[in-house]
Structures are given as structure tokens and as C-alpha cells.
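K.L.:
Letter by letter, the chains look like this.
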Amino acid sequence: MHAAPAPDEVIRTRGLVRSFAMGSATVHALRGVDLVIRRGEYVAIMGPSGSGKSTLMNLIGCLDTPTAGEYWLEGQPIASLGEAELARIRNREIGFVFQTFNLLPRASALRNVELPLVYAQMPPAERRRRATEALQKVGLGDRLDHRPNELSGGQRQRVSIARALVTNPALLLADEPTGNLDSKTSHEIMLLFEALHREGHTIVVVTHERDIAEHAERVVTIRDGAIASDERQPRPVRP
Amino acid sequence: MRRRLLMLRENVVLAWDTLVAHRFRSFLTVLGIFIGVVLVVAVASVLNGFRQTVVDQVEQFGTNNVYVYRMPLVNLGRLSREMRLRKPLRLEDAWAIRDQCPSVELVTAGISAPGFLTRAVHGKEEVDSPRLRGVFPDNVEVANRVLASGRFFTDQENEHRAPVVVLGHAVAEALFPHGDPVGKQILLAGRKYTVIGTLEKRKEGPFGAQNEEDTLFLAPYYTVRRFYPGLEDHFLAARARSGRLEQAIDEIVQVLRRQRRVRWNEDDNFEVGTANTLIAAFDDIVFAALAVMFLLSTVGFLVGGVGVMNIMLVSVRERTREIGLRKALGARPSDILGQFLIEAVVLCAIGGGLGLLCAEGLLLLVGALLPDLAAVTPWWARGFAFAGSAGVGLFFGLWPAWKAARLDPVEALRYE
Ligand SMILES: Nc1ncnc2c1ncn2[C@@H]1O[C@H](COP(=O)(O)OP(=O)(O)O)[C@@H](O)[C@H]1O
Ligand SMILES: [Mg+2]
Numbered sequence: 001m002h003a004a005p006a007p008d009e010v011i012r013t014r015g016l017v018r019s020f021a022m023g024s025a026t027v028h029a030l031r032g033v034d035l036v037i038r039r040g041e042y043v044a045i046m047g048p049s050g051s052g053k054s055t056l057m058n059l060i061g062c063l064d065t066p067t068a069g070e071y072w073l074e075g076q077p078i079a080s081l082g083e084a085e086l087a088r089i090r091n092r093e094i095g096f097v098f099q100t101f102n103l104l105p106r107a108s109a110l111r112n113v114e115l116p117l118v119y120a121q122m123p124p125a126e127r128r129r130r131a132t133e134a135l136q137k138v139g140l141g142d143r144l145d146h147r148p149n150e151l152s153g154g155q156r157q158r159v160s161i162a163r164a165l166v167t168n169p170a171l172l173l174a175d176e177p178t179g180n181l182d183s184k185t186s187h188e189i190m191l192l193f194e195a196l197h198r199e200g201h202t203i204v205v206v207t208h209e210r211d212i213a214e215h216a217e218r219v220v221t222i223r224d225g226a227i228a229s230d231e232r233q234p235r236p237v238r239p
Numbered sequence: 001m002r003r004r005l006l007m008l009r010e011n012v013v014l015a016w017d018t019l020v021a022h023r024f025r026s027f028l029t030v031l032g033i034f035i036g037v038v039l040v041v042a043v044a045s046v047l048n049g050f051r052q053t054v055v056d057q058v059e060q061f062g063t064n065n066v067y068v069y070r071m072p073l074v075n076l077g078r079l080s081r082e083m084r085l086r087k088p089l090r091l092e093d094a095w096a097i098r099d100q101c102p103s104v105e106l107v108t109a110g111i112s113a114p115g116f117l118t119r120a121v122h123g124k125e126e127v128d129s130p131r132l133r134g135v136f137p138d139n140v141e142v143a144n145r146v147l148a149s150g151r152f153f154t155d156q157e158n159e160h161r162a163p164v165v166v167l168g169h170a171v172a173e174a175l176f177p178h179g180d181p182v183g184k185q186i187l188l189a190g191r192k193y194t195v196i197g198t199l200e201k202r203k204e205g206p207f208g209a210q211n212e213e214d215t216l217f218l219a220p221y222y223t224v225r226r227f228y229p230g231l232e233d234h235f236l237a238a239r240a241r242s243g244r245l246e247q248a249i250d251e252i253v254q255v256l257r258r259q260r261r262v263r264w265n266e267d268d269n270f271e272v273g274t275a276n277t278l279i280a281a282f283d284d285i286v287f288a289a290l291a292v293m294f295l296l297s298t299v300g301f302l303v304g305g306v307g308v309m310n311i312m313l314v315s316v317r318e319r320t321r322e323i324g325l326r327k328a329l330g331a332r333p334s335d336i337l338g339q340f341l342i343e344a345v346v347l348c349a350i351g352g353g354l355g356l357l358c359a360e361g362l363l364l365l366v367g368a369l370l371p372d373l374a375a376v377t378p379w380w381a382r383g384f385a386f387a388g389s390a391g392v393g394l395f396f397g398l399w400p401a402w403k404a405a406r407l408d409p410v411e412a413l414r415y416e
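Protein chains in written order, with this note's numbering: chain H, 1 to 239; chain P, 1 to 416.
If you're looking for bench data, these hints aren't it; they were derived computationally from the structure. Glycine included, each C-beta is placed from N, C-alpha and C at the ideal position. A hint or two may mislead.
[As the list claims (entries may be wrong)] Residues from chain P that keep clear of chain H, each with C-beta distances beyond 10 angstroms, as calculated:
id	residue
1	3
2	7
3	17
4	21
5	83
6	129
7	131
8	146
9	200
10	295
11	326
12	327
13	353
14	360
15	386
16	399
[What the hints assert, rightly or not] Here are a few chain P residues that face chain H, going by a calculated C-beta distance under 8 angstroms:
id	residue
17	6
18	88
19	321
20	322
21	328
22	329
23	332
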């Protein structure tokens, strides 16, 4: 039937369906999504609230399993994997950036960024070195020992991006990364994603805002759990 | 292996941070365990010290001695009818042991005079209910007695029923607070005796109790028989030849069965004891007390354990988002399980450790105030306290930790 995924494909989904049982009713959050994302792409997934963006993101991030359909990450079929292997993939292959940052409140920025490396079972000294580098990369080299409540919203999101980058994953996933930020800070964060894209990172950003999506080189629009359009922008718009 | 240790260290540090952040709540949670440990360690230490003084006391008589009594010395519960009807041990039984037991080096017998409602008097000093024993001269040797002054009585004095007496340390001090008792006369239950010697102090009993041996008045056997012709129940003590304690016991039992006409299918109608059996009998009491204490502390541990389970469930609920985040960042279910299990174990171990510290501090304090208590904390109590509390953490932490490990990452991240 289908040929094996091409080597430069980071993501390939086929007929991805995700339904939730809500009492007697069933909510169809995704109704069959076919999506291919190649290495080095910068993709925005856009759509109104409730259209299924986060659901798709959770499936791509191996946090959730589809009701039907298939998914290959880096050419590897995900359906056959157990919990521990999925955890390993989330740890090594995927970097998550959340709308609400999800930083540990009592831990320093450095400690927060080290967290994925803890689960990669990296020795403390190397962990520290790598986390420091990641924080320097997002411009927080002088905030290593600050706790989240000592940082601004934009800085917190930078910590969270550093945490996503620190394992050097194949894929950076951001679900509404600017949803809790003002427009100036949002713009700075989007510039950071662009810089990361230029360095060669594969990035998927979920948003419901047109001007955020326009930073990406490709915009996939979702409506009612299905892909409505998939457009390549000749070059990113720089307002 | 190295990686496992790394993870373990990580989890212990994490658990410590969490517990410190909630120190008051954490302490309340482990209060049951804390109290259980204090209880175990304090009671075990006191009982152990108690036992040690008894052992010292018993062993002062010599570990090679065999004692024969009509009734068990230590008896939990009522005496049976058979015991109450046992015939007395006679002087002839002692001679039979001397003549027929090759493994016995020395044997000595004695009788106790009733001291109830009588007094020993010297000048203005008095001792109520004096404990007068009629013994043979070799009693000094068998019972390891050491004279402080004067001398013990001789065979001649015994045969001539001389009214002489040797005083235990305590009664010598009571009757003769100033000056040397030797050569003085005392009145004992209305009869005149001449004091010819005094004994060295014996080891004190538990809680600094006076050793009964220090309150004895020792007079020649036949003297006491003359004054109290009705006495018939003897106690016998034999010293086995070196290294032949077991044979000596066998021989004594055989001789006494014959003397007392015990049929082959009947049990002994007398009790034979050594320092060891006395200690063992005492250990039965210690053991019973320990068992009760263990039961109580187990209740403490269980109550504490339920508290720990409850607080861990609360902790898992409060940190649902954190668990979701950790899973999103690559924590395996086993990592989450380990994190919460270790948190529960560390929590309980700290509670147990504090209990241990508190108990030992308390014992030090009590030891300084009441040196006679002589509490000695046994190592097994420390081990039990620590392993027990950590075990409670492991057992009662399992379910909450398992719940945390099973959480769905998406649900957990959406949790408000
Ligand atoms: N765990 C869930 N249980 C029930 N319904 C859900 C669940 N997650 C998402 N949904 C439903 O699926 C649809 C898509 O949700 P979501 O993917 O979060 O949308 P978006 O991120 O685009 O706003 C919504 O109707 C939402 O109510
Ligand atoms: Mg969403």
C-alpha cells in the first residue's frame, strides 16, 4: 500500500482520528488528518478555538494515542510503542512549548531546563553545562538562578523554549506559545522561533491568530477536526 | 546501575525539597510514625537495660551453679494444683546430690525463717521483717559471697548451733550506721545473735532496686533449725565442676527423681535452674512486654501509614499538572512511581529518624536525671525503628505512587 516514509519526513500521519466519549455522546475532535512535515520546516497550524489543534498537537507529540489512523515519527510507527518507549521519544525527539509555560515554580530557570536531561539520565555536570548553553541561546544567560516568579512572562516562555531545545530534539512543538503574552513580547518570541528555524530546527506552532501564523513558511488550517487548507508562503512576512 | 543511582539521588533530593516546602504538613503526617518509633526505642531501651541488670545480678552468683526449688521462681499465671501440692525439698536431698553426682563440685542447702511481723534491733536502729536464712558455711563459696569485714561462720559453729550472724550490706548499714558491727550483738526476732561478719554490696537490681541479697541475715543452718523447728522447705544450690554444667543438671534431676519417688512417666515435681534458665525465664517477661509494645507501635505505624497514604494522595492530586509536565518531558511511568515512592519513604524515614533522635535524647536526659534506670538502646530497636518507618512509607506510598504513574499525560496537563 503506502510506501515507507521518505527519510526527510519528520512527521507523517494518515487518517488520524481522535474521538472522545462524553457520556452518551461522542466528540470527534479529529476526523481523519493526513499531514506530512519535512525536516527543517516551520509550520503553523491555525484554526478557530475548538477546531482540534491541541488534539492534533498531543498526537504528534506522542502524549496521546489516536482512536484510528497511523502516525510515523522520524519514519518510526508510533502505534506499536509502549509507554516507556513513548516517554523516551518525548524525551529525545520532541520539545514541547506550552501556552502556560508549565515551569516548576520552586525550581530555578537552570533547574527547569535541566529537567528533560534528568530523564535522559545525564550526569549532573553535563546537564548543567547543556542547560546553561540553552538558556544563553534564548538570551537568559544572566538569569540562570531566577525562579519563574522572578521572571517576566516573555522570559518564562524563553525558559520553556530553552527546556524544549535542551535535548536537541528533532521536532519543536509549541501550542499557542504567545497566548499568554502581550503583542510586543509575542513578537519577540516569534522572532526567536524564526532564528531557531534558520538554525535548522523543525518547528510546529499552533495558534488561532493570523499574524502569529504568518511568521511560518507554511500554514495548515484546521476546521472541525479536518485540514481545510495547506498553504506555503513564499517567504515569511516580517511586519 | 550508575544511571539508576543518579535517578535515585535525583528523587531523594526532589523528595527532600518537597518535604521541606511542606514541613509542617509533613511532620503532622508522620506524627504517628514518630510516636511509634519513640515508643519502640524508649520501651525497648528501658526493658533492655532492665534485663541487663537482671543478667548481671544473676550471673554474680556464678554461671556454673544449679539451683533447685520446689516452685518455679518466675511463673506467669497461677500455680497448678500439682505445684501447690509438691512436697518440700529436704536436707537429705542435698546430701544425696553430694554423694551421687560426680559432676557436682559443691552442694549447699538452706532454709528461710519467717520474718513477717518481726524486727532486727541494734540500739536505736531497726530493720523490719528481717530475712533470716540458715545456711552452711560453704554457702559463701557457692553463692560467690565476698566478706567486707569479719568472717563467715565455721562448721563447728554450725554444729554447735552458735547464735552468730553475718549481715548483708544493706542491713549492716541500717543497723550500724556508725562503727564496725563485728563483735556486736543484735536482737533478731527476739533472740540474741553476735555479728561475726558483713558482706560486700551486691550488684543493684533494675531501676536501682536493692539487691535482695544485701538484705539477708545469714546464720548457721542448725542454729536456725533450733529456733524454728517447723521449717522443712529447703532451697538447694550446687556448683558444677568446670565445663560440666549439663551433666550436673542431668545427674541432679536423676537423683532428685529417685529421692522424691517420681515415677518414670511423671514430670519432675521440682524446678532446676541455672543462671541461664533464670535469665531465660526473665526474658519471657521481657518478651511479653516487648510484644505488647510492638503491637502498640504497630498501631502507631498503621495510623501513620494511613496518614502518609492520604497525604501522598493529596500530593499527587495537587501536583497533577507537574506529573503531566514531567511525562511530557520524558518521565517514564517508573520514574514517576519512583519519585513518589521515594518521597513517601523519605517522609517516613525522616519521621522515624526524628523519633529515634527524640527517643535517644529523652533516654540521655532521663539517664542523667535517674542514673539507676540504666536504659541501654539495643541495636535491633534502632534497626526496627528505621526499617519499620521506611517500610511503612514503601507500603503505604505504593498506591498513591502507582496512581501518579498511571496518570494520562494530556489529562494531567489539562488539570486545573
Ligand atoms: N479530553 C477531552 N475530552 C472531551 N473532549 C475533548 C477533550 N479534549 C478535547 N476535546 C474536544 O475536542 C475538540 C477539540 O479540542 P482542542 O483540540 O483542544 O481544540 P483547539 O486546541 O483547537 O482549541 C473540542 O470540542 C474539545 O471540547
Ligand atoms: Mg488548544
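K.L.:
So, for every hint listed, does it hold in this structure?
P.N.:
The hints, checked one at a time:
1. 3: violated (4 angstroms)
2. 7: For residue 7 of chain P, whose nearest Cβ neighbour in chain H is about 6 angstroms away, the distance does not exceed 10 angstroms, so it is violated.
3. 17: violated (7 angstroms)
4. 21: Per Cβ check, residue 21 of chain P is inside 10 angstroms of chain H; nearest 6 angstroms; violated.
5. 83: holds (69 angstroms)
6. 129: holds (71 angstroms)
7. 131: holds (71 angstroms)
8. 146: Residue 146 of chain P is indeed farther than 10 angstroms from all Cβ atoms of chain H, at 67 angstroms.
9. 200: holds (66 angstroms)
10. 295: holds (41 angstroms)
11. 326: violated (7 angstroms)
12. 327: It is violated; residue 327 of chain P is separated from chain H by about 7 angstroms at its closest Cβ, not greater than 10 angstroms.
13. 353: holds (24 angstroms)
14. 360: Label holds. Min Cβ-Cβ 33 angstroms, cutoff 10 angstroms.
15. 386: At roughly 28 angstroms from the nearest Cβ of chain H, residue 386 of chain P sits farther out than 10 angstroms, so the non-interface label holds.
16. 399: Since the minimum Cβ distance to chain H is about 19 angstroms, residue 399 of chain P lies beyond 10 angstroms and the statement holds.
17. 6: holds (6 angstroms)
18. 88: violated (79 angstroms)
19. 321: holds (7 angstroms)
20. 322: holds (7 angstroms)
21. 328: holds (5 angstroms)
22. 329: Holds. Min distance 4 angstroms.
23. 332: holds (4 angstroms)
Checked against the numbered hints given earlier, the structure breaks hints 1, 2, 3, 4, 11, 12, 18 and satisfies all the rest.
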